[in-house]
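Given these sequences and hints, build the entire structure.
Quick note, the sequences are listed as chains A and B, same order. If you use our numbering, the first sequence corresponds to residues 29 to 433, in order. If you use our numbering, the second sequence corresponds to residues 29 to 433, in order.
What the hints contain is simulated information worked out from the structure, not anything from laboratory work. Treat the hints with care, as some may be off.
Put simply, identical chains are the same to the list, so a pair is met inside one copy or across any two.
As the list claims (entries may be wrong) - No more than 20 Å apart at the CA atoms, straight line, and that leaves these computed lysine-lysine pairs for PhoX-like:
1. 311 x 114
2. 148 x 180
3. 222 x 31
4. 101 x 300
5. 145 x 262
6. 180 x 66
7. 180 x 123
8. 300 x 123
9. 378 x 101
10. 282 x 262
11. 145 x 396
12. 402 x 311
13. 367 x 145
14. 282 x 180
15. 426 x 408
Single-letter residue listing:
There are 2 protein chains.
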Amino acid sequence: MRKPKIVILGAGYGGLLTTVRLQKLIGVNEADIVLVNKNDYHYETTWLHEASAGTLHHDKVRYDVSNVIDRSKVDFVQDTVVEINKDEKKVILEKGEVNYDYLVIALGGEPETFGIKGLKEYAFGITNVNSSRQLREHIEYQFATYNMEAEKNDNRLSIVVGGAGFTGIEFLGELTNRIPELCHEYDVDFQKVKITCVEAAPTVLPGFDPELVNYAVSTLERKGVEFLIGTAIKEATPGAILVGKGDEEPYEIKAETVVWAAGVRGNAIIEKSGFEAMRGRVKVNPDLRAPGFDNVFIIGDSSLVINEEINRPYPPTAQIAMQQGELVARNIGALIRNKTDLETFSFDNKGTVCSLGEDDAIGVVFGKKLTGAKASFMKKVVDNRALYMIGGAGLVLKKGKFNVF
Amino acid sequence: MRKPKIVILGAGYGGLLTTVRLQKLIGVNEADIVLVNKNDYHYETTWLHEASAGTLHHDKVRYDVSNVIDRSKVDFVQDTVVEINKDEKKVILEKGEVNYDYLVIALGGEPETFGIKGLKEYAFGITNVNSSRQLREHIEYQFATYNMEAEKNDNRLSIVVGGAGFTGIEFLGELTNRIPELCHEYDVDFQKVKITCVEAAPTVLPGFDPELVNYAVSTLERKGVEFLIGTAIKEATPGAILVGKGDEEPYEIKAETVVWAAGVRGNAIIEKSGFEAMRGRVKVNPDLRAPGFDNVFIIGDSSLVINEEINRPYPPTAQIAMQQGELVARNIGALIRNKTDLETFSFDNKGTVCSLGEDDAIGVVFGKKLTGAKASFMKKVVDNRALYMIGGAGLVLKKGKFNVF
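Have a look at this one:
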């Protein structure tokens with residue numbers, strides 16, 4: 029009898045955890061496991077705000093996939109997914125194709141620009157290692173160039189962050205720590221630097237506890253951030269954005285650096301491959317399979333799970349992706365062993381911590397509100413926990429965050 | 029009786045050595061000493077190739093002027109010279125003016141682009157701290173951006189250095205050490221990087237011993253540099269240069285980074301202030317005074333001293349500027365004490381070492397030819413010597429180069 033073939037697409041939090049759980053669970057004789065990923069490394073999406081601001085080197089936010097997979101059980105294919113052919117059960121890759129009996133789609137999300145003109149062309153993203161280090165270098169180049177020019181262009185020192193959600197706020201926390209260093213480094217007057225955060229929603233960090241939100245806003249304002257809340261970006265142009273409240277006449281904010289940190293959608297491959305989706309996210313069955321496809325699981329940013337309590341989708345996070353990965357590994361194990369009753373997914377929210385820089389944060393952990401050093405400590409615990417779940421204590425020692433005091 | 033006032037313009041090698049020698053030589057009651065400089069720091073012009081390539085941080089190539097001057101004897105004015113009014117014996121500054129009885133012009137040189145079209149607009153320079161860190165950040169940004177683009181622009185990895193003189197060759201030595209690091213850092217294929225050195229003269233390092241030149245060329249070629257000798261840059265355009273040999277049809281070399289390291293001329297202030305000059309350099313009298321002005325000394329890159337042996341001007345170097353500074357301090361001391369016979373300058377060439385990177389160099393020291401580790405060691409001795417002459421052992425300990433093995 030032919031061994032079934034399990035193909036996992038993506039080595040993010042969800043895909044990688046599925047892989048390491050499966051390689052433990054499944055014997056070599058039971059199934060073949062193939063992991064496909066664009067890069068030969070995994071990166072910590074939740075740490076990218078640090079690499080983008082330049083407070084943490086980008087090599088610290090990634091590690092080789094080969095560090096955590098068991099090559100005797102898992103074949104690793106470094107390639108980019110082009111399309112999934114569900115009828116023929118195969119995945120078309122840029123440099124080849126791969127057949128599957130069971131497929132796990134864990135391709136991650138993509139920035140959502142909501143059709144706002146110019147954002148794709150002129151805004152930077154905190155999306156992956158490539159985009160983060162480009163953003164960091166762009167900011168640094170602006171500071172390096174400022175003193176070179178006879179006519180000073182203050183817009184080089186103007187940075188706009190679009191979005192006051194998790195990514196926007198965490199990036200602002202790092203950026204406001206980095207700016208004084210940059211000013212010192214490039215002989216730039218701190219007073220000339222302008223940081224603006226533009227958020228269309230009526231509040232910073234929608235869904236977060238208001239007391240914690242106040243803490244975050246006043247902390248960041250003290251460090252120099254101006255918040256424009258309830259204000260939408262209408263258009264990005266070279267060197268500026270147009271913003272406006274409601275129907276009021278849009279006005280211009282000049283800035284050589286515009287960062288778009290406001291929207292995530294599912295992967296474009298989802299729609300391209302004919303799955304029914306809302307902004308690239310598939311409302312998966314309780315066992316995390318795609319409706320109508322008994323051998324296809326979708327997890328992470330391209331999956332959509334409803335929070336029954338508020339009847340709204342859970343936001344895509346590393347935490348939920350990893351919990352989904354653990355369940356999918358067990359469910360695929362069951363299918364391979366010809367069991368028919370699969371487990372259903374329910375999200376166990378252990379809490380959320382939003383960093384405000386090196387030594388400050390806000391969060392709710394096990395139901396308890398935290399700010400400052402305690403929250404910051406918990407943030408590092410959370411970061412190390414993801415490493416532990418995927419790569420064990422060895423990976424924590426290698427890539428963990430220990431600057432906790 | 030009014031104390032005479034000595035004004036020194038520029039805190040480069042020549043100006044700073046003049047100042048520190050004068051503050052030892054002259055009593056507080058004998059004269060007032062004023063040092064004028066654009067920045068509050070001195071930078072090591074001869075180390076800028078390292079800061080430009082990114083192999084040495086730019087803060088290591090500078091130190092505060094206040095570290096080496098005696099504030100009880102010297103007034104420091106941070107301002108930029110606009111013009112010298114020789115008739116009224118005053119210097120016009122951007123934010124004020126200063127009168128003098130004795131003036132030392134040590135304003136340093138400027139890049140000379142020989143009217144080549146586009147160089148000023150599109151080429152980077154290794155001229156000062158601002159330009160060096162901008163060049164470094166520009167190169168890094170090109171590498172950071174390379175992987176971000178769906179359509180790869182290989183010209184981002186193409187670097188052209190115009191000029192195979194001292195600055196060009198030393199920069200290439202550092203750059204070829206830095207490139208493998210950048211490739212690793214930004215996941216770029218080393219084979220894609222292209223470094224071209226274009227030199228109009230018929231040889232690399234004109235005036236250097238041919239055996240040492242061969243060593244330098246073959247070392248740099250082995251590290252990936254392509255030399256186009258006897259080839260002139262005809263024009264720089266955005267993203268490219270046009271080059272040609274003699275009368276042949278110019279052809280294009282695409283490169284997002286073009287560095288102009290080929291020419292130095294005297295300071296524009298010289299001509300603006302009505303001194304008779306050749307490319308901004310004044311052929312000074314043997315006592316280093318400007319012809320016709322008994323109270324004005326000119327030293328460093330804006331002065332011109334003939335090497336009688338070959339009847340050609342000495343090239344402007346830190347070594348000659350410092351020797352001039354020492355002499356000028358003594359001559360001003362003499363004038364203040366009403367002596368009329370001033371010392372005449374003769375250059376004591378202690379040797380020349382051209383670095384080829386961290387641990388390699390070529391040079392002639394005390395008449396002896398050196399290559400490799402020995403030459404590299406001597407280069408660091410030379411670098412530390414300049415620190416010692418200006419700031420003594422303390423400055424060497426603080427800013428010296430001790431990575432000698």
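How do residue 180 and residue 123 come out at 20 Å by Cα distance, when the copy is not named: within, between, both, or neither? For residue 180 and residue 123, only the inter-copy Cα distance (17 Å) is at most 20 Å; the intra-copy one is 48 Å.
Within, between, both or neither: how does the pair residue 145, residue 396 come out at a Cα-Cα threshold of 20 Å? neither (41 Å within a copy, 66 Å between copies)
Go through the copies and call it for residue 367 and residue 145: within, between, both or neither, with a Cα cutoff of 20 Å. Neither way: residue 367 and residue 145 sit 51 Å apart in one copy and 76 Å across, limit 20 Å.
For residue 378 vs residue 101, is the C-alpha pair at or below 20 Å within one copy, between two copies, both, or neither? neither (31 Å within a copy, 67 Å between copies)
How do residue 180 and residue 66 come out at 20 Å by Cα distance, when the copy is not named: within, between, both, or neither? Result: close only across copies, 16 Å inter versus 42 Å intra.
Are the CA atoms of residue 300 and residue 123 at most 20 Å apart within a copy, between copies, both, or neither? within (18 Å within a copy, 64 Å between copies)
Alpha-carbon proximity context of residue 145 and residue 262, limit 20 Å: Within one copy only: 7 Å inside a chain, 40 Å across chains, cut-off 20 Å.
At most 20 Å between alpha carbons: which applies to residue 426 and residue 408, within, between, both or neither? within (14 Å within a copy, 37 Å between copies)
Using 20 Å as the alpha carbon limit, work out where residue 282 and residue 180 are close: within a copy, between copies, both or neither. Classified as within: same-chain Cα gap 14 Å, cross-chain 29 Å, threshold 20 Å.
Quick one: residue 402 to residue 311, C-alpha cut-off 20 Å, is that within a copy, between copies, both, or neither? The answer is neither: 36 Å in one copy and 69 Å across copies each exceed 20 Å.
At most 20 Å between alpha carbons: which applies to residue 148 and residue 180, within, between, both or neither? between (27 Å within a copy, 18 Å between copies)
Identical-chain pair category, residue 311 with residue 114, by Cα at 20 Å: within (17 Å within a copy, 83 Å between copies)
Of the numbered hints listed earlier, those contradicted by the structure are 3, 4, 9, 11, 12, 13.
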